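Student: Just so you know, the sequences run in chain order A and B. Using the working numbering, the letters of the first sequence map in sequence onto residues 37 to 457. Using the working numbering, the letters of the second sequence map in sequence onto residues 388 to 638.
Hint data in this document are derived by calculation from the structure and do not stem from the laboratory. These numbers were taken from a predicted model, which means no experiment stands behind them. The beta carbon of each residue, even a glycine, is placed where N, CA and C say it ideally should be. Some clues are possibly wrong.
[Stated by the list, open to error] Some, not all, of what chain B presents toward chain A, calculated at C-beta under 10 angstroms:
| hint | residue |
| --- | --- |
| 1 | F402 |
| 2 | A514 |
| 3 | E623 |
[Claimed, not checked] Capping the alpha-carbon separation at 20 angstroms, the derived lysine to aspartate or glutamate pairs in DMTMM-like fashion look like this:
| hint | chain 1 | residue 1 | chain 2 | residue 2 |
| --- | --- | --- | --- | --- |
| 4 | A | K286 | B | E538 |
| 5 | A | K344 | B | E458 |
| 6 | A | K344 | B | E394 |
| 7 | A | K344 | B | E598 |
| 8 | A | K345 | B | E394 |
| 9 | A | K345 | B | E515 |
| 10 | A | K238 | B | E458 |
| 11 | A | K344 | B | E515 |
| 12 | A | K351 | B | E515 |
| 13 | A | K351 | B | E394 |
| 14 | A | K351 | B | E598 |
[As the list claims (entries may be wrong)] Calculated Cβ distances over 12 angstroms to all of chain B for the following chain A residues:
| hint | residue |
| --- | --- |
| 15 | S143 |
| 16 | V328 |
| 17 | K351 |
| 18 | K442 |
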Amino acid sequence: MKRHANILVAVLVLAGAAAVGVLTGPTGLSDERQANPDPLPETVLEGTTPAQWRLVWTTDPAHEATVGWTTAEAAKTNAVFFDTEPRQGALDKYRHQQAATATGRYSARKPALHYASVELKKLRPGTTYWFVMVSDESVSREFHFITAPEGDAEFKFLYGGDSRSYREPRREMNRRLRALFTQDPEILALVHGGDYVEDGDKLEQWVEWLTDHELTVTAQGRMLPIVPARGNHEADSVIFDEVFHNPGGKGLNYYATRLGSEFLLVNLNTEISAGGDQAAFLETTLKNHTTVRWQCANYHRPAYPAVKKPGSALKYWVPVFERYDLDVALESDGHTYKRTCAIRGGKPDATGVTYIGEGGLGVRQRTPDPERWYFEGGKVGSSNHVQKVTVRKDKLLVETIAENGKQLDTWEAKPRPTRRD
Amino acid sequence: MSAAHLERGAAFALFACALMVLMPAGLGAANMSTAQANHTAAARGFNVAWVAALFAGAWLLLTALAAWRVETWAPALAAPAHGARYCAAFALAAWLLGRARIAQGLLVAGAVATFAAHGLEALLLRAEFVDYLIGAAWRVLGWRVSQGLAEGALLAIGVMDVAAAALLLALFGWRKRRGPAAIALLGWMTFWGFFTAAARIVDMGWGNLPEAMIRVANGAVPLTLLLHWRGIRQSESEPRNEPRNDPRNDR
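Start from the sequences, fold in the hints, and give me the full structure.
Tutor: In structure tokens form, the structure reads like this:
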């Protein structure tokens, strides 16, 4: 009897302590979500019909692009027919064609699907290319894309991460991307911060993601190029490399993207060693581009997170960012939106680096911690979103836009005086 | 209720657990035989320490299972890697209930699981561990270690950890397990468990102290086994004048 009373006392003490913790916890933020009831037709995955297309940019998007797609059955031949004029899919009229660089069955037991990747090289900068994907006798509709500009150009791009797990919000965000892309032809590409799917080894999830990605194509057939980074949910997934054609090298996935002569984007991989070869690559890249006006980095796990603990970027990359005066680091993973104050040496400093992002391309949003010191003078919140980055000669503007189109935050930077010799 | 609320609630409950384990019944039990402890604690009406230890173990096991669920890199290793933590708490509960043999088995299982899982992670070249080696070499020794060298060292560490886990498991099943070899093995595991826990501070400074503290069990569990086995070995070598009074004791 006494023993039972003791247990009861213990359980009551524990329950009381837990209740105190729960009741004194932070309150949640609202998750605004607006449904868009307008579904777009998606390509049916059957036979050798090219479906789930993607256009990937890596190091030199002014001159190169990779077109990838999926087929239900293996095709004997896969190729892209392309031209600088629209040809409405008449294959004999296209002036160029390029056979597949890589084909194969995706590395998954099921479903049994096949990929094809075609590298287009020696393209002209700032030029519209019209193209169709051809697998055996099956020809896709005609699409087009615009290569990145050359020289001291002004342009825009979209940034976002974390499009995993929840399909309808992801589709809603893809419709938002399409709306922005349609309204503003200056937008060149989508820089993705990783976490496309819940489990990067499950092809069925990639199938859904790729199908939803079709929603980003405009009604006129302009395809939104993607600059991919690997997230922790892709971990060491081989399918990531099959979908995006080994960006930055198979399993490595770090590379520098040059947009015009005055914008550098360093894409990093937080799923492999940050302090080894990758840190050396970052140092060398920034060192070799000290005179480039704008410098950004894109990677998944944040150095200055809104929700979780800092990733290895804080220790190994942030000192390099600060040494070379990076303008903005684009981070994902937290499922919030955020903008830190400018940071240098672990404290606020107007000359420091600003960290923006945290991921909201259709993932359930978390409750951020607005009390963290680096949000003093910054902004943090909980809403699916995308960042629109405007690159001008005299400023870099980052707008955070919610899935309903509402502007959540803006931030502007001026060119650093240290950039020019 | 959000995950943050749940975590905060559990944090408060765990603090309460720590206090209850330190209460006279729990603390006092450490200095007396199990039977005496049970008797004294029950007499005082304070025998709540084992409930607290059981709750702490259950929570730590739950977080380990959650890690298995959410971990994206080698998720199967996440739950066993936490083994020393939850097994230590469960072992404490078992010991406070007078189940010394079960407690000992739980400690061995926890140490084996943690060392084997960490060893396999090292053999798979977990990026975080590669960076620990690179960072520690730079911070402590001022050496710039290449990624290739760090990966080579990590493979060696992986072999060592898996071997330690296998040896401990083999020794536990061996009749003469309390010999000098077992003591040496547990001594090494104690050192390595504490050393790798402290590496979190070396890696990211004192701000990472909670990360190191939660891994204290990685060294504390083999240390407890070492002290226990050594104590038994010493008492066995002494002449016995009195019969054992507790049949559940592991001696």
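Student: All the hints need checking, so say for each whether the structure fits it.
Tutor: Against the structure, the hints:
The beta carbon of B/F402 is positioned within 10 angstroms of a beta carbon in chain A (closest approach about 7 angstroms), and the interface hint is therefore held. For B/A514, the shortest C-beta to C-beta distance to chain A is roughly 5 angstroms, which falls under 10 angstroms, so the interface hint holds. Violation of the interface hint for B/E623 is found here, the shortest Cβ-Cβ separation to chain A being roughly 34 angstroms, above the 10 angstroms cut-off. With a C-alpha separation of about 18 angstroms, the suggested pairing of A/K286 with B/E538 holds against the 20 angstroms cut-off.
Taking the CA atoms of A/K344 and B/E458, the gap is about 14 angstroms. The hint holds against a cut of 20 angstroms. Taken as a hint, the A/K344 and B/E394 pair is honoured in the structure, with Cα atoms around 13 angstroms apart against an allowance of 20 angstroms. At roughly 13 angstroms between alpha-carbon atoms, A/K344 and B/E598 fall within 20 angstroms of each other, so this suggested pair holds. Under the criterion of a C-alpha separation no larger than 20 angstroms, the hint pairing A/K345 with B/E394 is consistent with the structure, at around 15 angstroms.
Taken as a hint, the A/K345 and B/E515 pair is honoured in the structure, with Cα atoms around 14 angstroms apart against an allowance of 20 angstroms. A distance of roughly 15 angstroms separates the Cα atoms of A/K238 and B/E458; the hinted pair therefore holds under the 20 angstroms criterion. Between the alpha carbons of A/K344 and B/E515 the distance comes to roughly 16 angstroms, so the proposed pair stays at or under 20 angstroms and holds. With a C-alpha separation of about 12 angstroms, the suggested pairing of A/K351 with B/E515 holds against the 20 angstroms cut-off.
For the suggested pair A/K351 and B/E394, the alpha carbons sit about 27 angstroms apart, so the restraint of at most 20 angstroms is broken. The straight-line distance between the Cα atoms of A/K351 and B/E598 is roughly 16 angstroms, inside the 20 angstroms bound, and the hint therefore holds. A cut-off of 12 angstroms between C-beta atoms confirms that A/S143 is not in contact with chain B; the least separation is 16 angstroms. Distance check on A/V328: its Cβ is at least 27 angstroms (rounded) from any Cβ of chain B, clearing the 12 angstroms threshold; non-interface status holds.
The Cβ of A/K351 does not lie farther than 12 angstroms from every Cβ of chain B; its closest approach is about 6 angstroms, which violates its non-interface assignment. No Cβ of chain B comes within 12 angstroms of the Cβ of A/K442; the nearest lies about 24 angstroms off, and the non-interface call holds.
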